[in-house]
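**Student:** Going down the list, the sequences are from chains A and B.
Start counting the first sequence at 0; every next residue gets the next number (numbering that gives the first Met the number 0).
Start counting the second sequence at 0; every next residue gets the next number (numbering that gives the first Met the number 0).
No lab work stands behind these hints, which were simulated from the structure alone.
Where a beta carbon is used, it is the ideal one built from N, C-alpha and C, also for glycine.
Please note that a few of the clues may not be correct.
Claimed, not checked - Using 27 angstroms as the maximum straight-line C-alpha spacing, the simulated DSS-like pairs for lysine-lysine come out as follows:
1. A:Lys56 with B:Lys250
2. B:Lys44 with B:Lys116
3. A:Lys167 with A:Lys183
4. A:Lys109 with A:Lys160
5. B:Lys28 with B:Lys44
6. A:Lys167 with B:Lys44
Claimed, not checked - Example chain A residues on the side facing chain B (calculated, C-beta under 10 angstroms, incomplete):
7. Ala150
8. Phe157
9. His181
Unchecked claim - Okay, the calculated beta carbon distance ranges per label pair:
10. B:Leu216 with A:His90: 32 to 38 angstroms
11. A:Glu12 with B:Thr162: 27 to 33 angstroms
12. A:His36 with B:Thr404: 21 to 27 angstroms
13. B:Asn306 with A:Arg93: 41 to 47 angstroms
14. A:Glu185 with B:Ala331: 19 to 25 angstroms
15. A:Ser105 with B:Met230: 39 to 45 angstroms
16. B:Glu39 with A:Val232: 28 to 34 angstroms
17. B:Thr265 with A:His36: 33 to 39 angstroms
18. A:Glu12 with B:Asp47: 17 to 23 angstroms
19. A:Gly184 with B:Asp47: 41 to 47 angstroms
20. A:Val11 with B:Gly499: 39 to 45 angstroms
21. B:Phe164 with A:Val11: 30 to 36 angstroms
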Amino acid sequence: MEETTQVRTAAVELSDLDTLEAESIHVIREVVAEFEHPVMLFSGGKDSVLMLHLARKAFAPAPVPFPIMHVDTGHNFPEVIEFRDRVVAEHGLRLEVASVQELIDSGRIKVGHELESRNRHQTVALLEAIQGGGYDAVFGGGRRDEDKARAKERVLSFRDKFGQWDPKNQRPELWRLYNGRHRKGEHIRVFPISDWTELDVWRYLAREQVDLPPIYFAHEREVVEVEGLLMAVNEFFPLPDGAEVSRVTVRYRTVGDATATGAVRSAAVDYEAVIEETAVSRITERGATRGDDRFSEAAMEDRKKEGYF
Amino acid sequence: MSELLRIATAGSVDDGKSTLIGRLLHDTKSIFEDQLESIERTSEKRGDEQTDLALLTDGLRAEREQGITIDVAHRYFATPRRKFVIADTPGHIQYTRNMVTGASTANLALLLVDARKGVLEQTRRHALLSSLLRVPHLVLCVNKMDLVDYEEAIYDEIREEFTAFAAKLEITDLGFVPISALGGDNVVERSANMPWFDGQPLLGQLEDVHIASDRNLLDNRLAVQTVIRPMSAEHPDYRGYAGSVVGGIFKQGDEVMVLPSRRVSTINRIDTPNGAVAQAFPPMAVTMLLEDELDVSRGDMLCRPSNQPTASNRFEATICWFDETSSLRTGAPYQLKHTTRWISAEVEALRYRLDVDTLHRDLDVETLEVNDIGRVSLHTTSPLFFDEYRMNRSTGSFILVDPATDLTVAAGMIIGAGSEPAAAVADPAIAANITFHPSHLSREERWQALGAGGATIWMTGLSGSGKSTIATAVEHTLVSSGRPAYMLDGDNLRHGLNAGLGFSEADRAENVRRTGEVAKVLAEAGVVAIASLVSPYQAARDRVRAAHEEAEIPFYEVHVDTPLEECERRDPKGLYEKARSGEITDLTGVGSPYEAPSDPELRIDAGLEDAVRQILALLD
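Working from the sequences, and respecting the hints, build out all of it.
**Tutor:** This is the structure we're talking about:
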């Protein structure tokens, strides 16, 4: 305690990262205090890792007072699932898995073919799990810098009983006075890291030395280049006809459905190197790695309206 | 250290705001290539002559198609010195509420005018809203300088006009910059086209503006969000009050008071996300641990015992109406959120609507509609602990929610506690709504330090009876002997505290009430207050006595019982003569009654020396 004390007494100013941290914790505490059944989405991706880290800090030394939910497409990177289970065990969390595969197996989701991207189908699994669990607040790791549609999202975002977002009918959000009032069956999506950029996330995770799935750092992998994306060749992404496999040193900037998430060439093996690359990167993380978001100018807007996170 | 700066932008539809933001993002390398390519394609499809940087910020499909901006959008860029968050709000008239939303958290407002058009109504409206929301800094960008041949005179004219207008508002820090967003002149780099401009380019101004002092670091305020009690084997007794510091600097070892219970304890420890600290300041999120086990819960506020927020369930506020589907209903129930509390509230009265273009106050108004701004008085079911919005944007702000729809219908800024006329304060219905701030020092401690206790000697009697002469002598004797004393002279008080009060029965009663209150405060402080007032009405004097008895402060009523004939013979101020000649009508004893005390502590009808001795004897 004494050490920190000495560092902090000098000035009464907070750095940008400390400010973001404080603001996010404020939001998380507000929601936990006002809602009956919050749940936090956790994919093992860096944004959800950050969000969980902030939630742990918000209530320390007490445990995180809500369960986490993984919307599992069934198309996973094994390293991410391992990581997820390790985090759950380490921090004594309650994990709920909303399985897309189960919905496909029971016929409630129809798929064209087994290996198509399941990002869209996550919406169905998510909404069913929210309804089934009676959750009234769902924390998501969305950031406003990710996409133009997300730039207009509130920190607390109202969803009707069909889980849908109405961008023209959002509640005004002033000061830090959040209005999370809702009726039975409706819920609120909460985006505590709305104001963080990709670079902020990396700088903060590095500062805190937070553990991430290993695929976020440079490693060798068999990939194939498809429409400008470096796709890992595995059970979910079989080698397309005539394509050539090459062994490349890559890392992932985002973690999503393994059939739709591409890697980028990188030699960044640690946080410092990733930050350096991120600071000079000229392509958005979604543009660089997500086949589904590149589809159209309004791809994210349409999916958000349907209830996507 | 890199800081976070929040900017609210506003401007008319065509003055190039989106282009400017696009330019800031582009020139600080905050735009990614794929974003740029995407808007290049769209621009091409639309047949634009050059890539429209505005497309970067128009997020939703309807906006892109109609070429308008619907809602508040957030943009991010950073330089090595600062991280910037832009709340980009559309400028059309119907979107006052969006501007208010963006401005609520902004450190700086960025306003744009078109150099060809100059200061428009909308510019004035946005400046007014920024000042209303207390955005501490404002920068006016005179854009499209390329279209006026970079003419210095045009910039100067706009600058002068706006400065003159801004003088009418409460804008403390005002900056100007002539730019061309399209060409990037004076946005990030200094413009070669405007060598006459000796100020900084926009980005430099945004990086330099000093924001650390905008916070209130004097009035300690923390609203409790939640109580952290792990009750685990490792932390069996941990009990922390989690919340964000919104004012002042809390230090370990400081005394704190918890509202509304007013219990006092000491800060044992301040936990933060990064360990314990010696002091906490805005906007830190902390967990406070106190020495004593108090009953503290969400919605409670921590402050200093000697510096408390105002506590009242009636207050005045400026509100902006947000809801399109309903208008303000006075007397109807709303849910009010203030700090971390929800409370039932009603708008008791709509005082006026403010015309944001003319600053005219429309008193003849029944309701407020979407985008209207007005002054209201509010009543809550239990007292709110607030500061004026101008002193603290966190403890001075609130939102109203319609319980029927759950929508946020209005945002409010507190002006102060209910502003009833002073005389009405005696009204028990209102007095019940004003909570007292107990001082931390006890009376005993104060009196002990002085070596003597305070008391009030209330001298009543006709004009010319000798009250003031006796009072002066008593005061002199006490002070000479080292005992603090102070004479409150009725005539003297009428020049200041009681200026504006006349001689009607009601005004005389109020005169007595005020003087009685001042005497009580002096006595509380350890002074012997000697009030010298005609105070002709028994009921008014009895109220002063009752107030003293309630506060347990000695009160001695002294009747200077000099007969009217003798007073009239002395007539030191010539009042009786004027009264008899009809020049004044309501002199006590002549045109106005004097009710002699029925049971005073002392009745004086002797000479000065005896009178002083008798009064001093009362105090022993």
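**Student:** Do the Cβ positions of Glu12 of chain A and Asp47 of chain B conform to the proposed distance bound of 17 to 23 angstroms?
**Tutor:** violated (44 angstroms)
**Student:** Between Lys109 of chain A and Lys160 of chain A, is the straight-line Cα distance small enough, at 27 angstroms or below?
**Tutor:** Satisfied, since the Cα-Cα distance of roughly 23 angstroms is no more than 27 angstroms.
**Student:** What's the verdict on Lys167 of chain A and Lys44 of chain B, does the C-alpha distance respect the 27 angstroms limit or exceed it?
**Tutor:** OK: Lys167 of chain A and Lys44 of chain B at ~26 angstroms, within 27 angstroms.
**Student:** Is it true that the CA of Lys56 of chain A sits at most 27 angstroms from the CA of Lys250 of chain B?
**Tutor:** Measuring from Cα to Cα gives roughly 21 angstroms; hence the hint holds.
**Student:** Could you see if the CB distance from Gly184 of chain A to Asp47 of chain B stays within 41 to 47 angstroms?
**Tutor:** Check passed, 45 angstroms falls within 41 to 47 angstroms.
**Student:** Holds or violated: 27 to 33 angstroms for the Cβ distance of Glu12 of chain A and Thr162 of chain B?
**Tutor:** holds (31 angstroms)
**Student:** Take the C-beta atom of His36 of chain A and the C-beta atom of Thr404 of chain B, compute their distance, and say whether it sits inside 21 to 27 angstroms.
**Tutor:** Holds, since His36 of chain A and Thr404 of chain B (Cβ atoms, about 23 angstroms apart) stay within the stated range.
**Student:** Mind checking the hinted window 19 to 25 angstroms against the Cβ distance between Glu185 of chain A and Ala331 of chain B?
**Tutor:** holds (23 angstroms)
**Student:** So does Leu216 of chain B sit 32 to 38 angstroms from His90 of chain A, Cβ to Cβ?
**Tutor:** For Leu216 of chain B and His90 of chain A the Cβ distance comes to about 36 angstroms; the hint holds.
**Student:** For the hint on Phe157 of chain A, does the least C-beta distance to chain B fall short of 10 angstroms?
**Tutor:** holds (8 angstroms)
**Student:** Is Lys28 of chain B close enough to Lys44 of chain B, meaning Cα to Cα at most 27 angstroms?
**Tutor:** Between Lys28 of chain B and Lys44 of chain B the Cα gap is close to 25 angstroms, so the pair holds against 27 angstroms.
**Student:** Quick check on a hinted range of 30 to 36 angstroms for Phe164 of chain B and Val11 of chain A, using CB atoms only.
**Tutor:** holds (35 angstroms)
In terms of the numbered hints stated before, the structure departs from hints 2 and 18, listed from lowest to highest.
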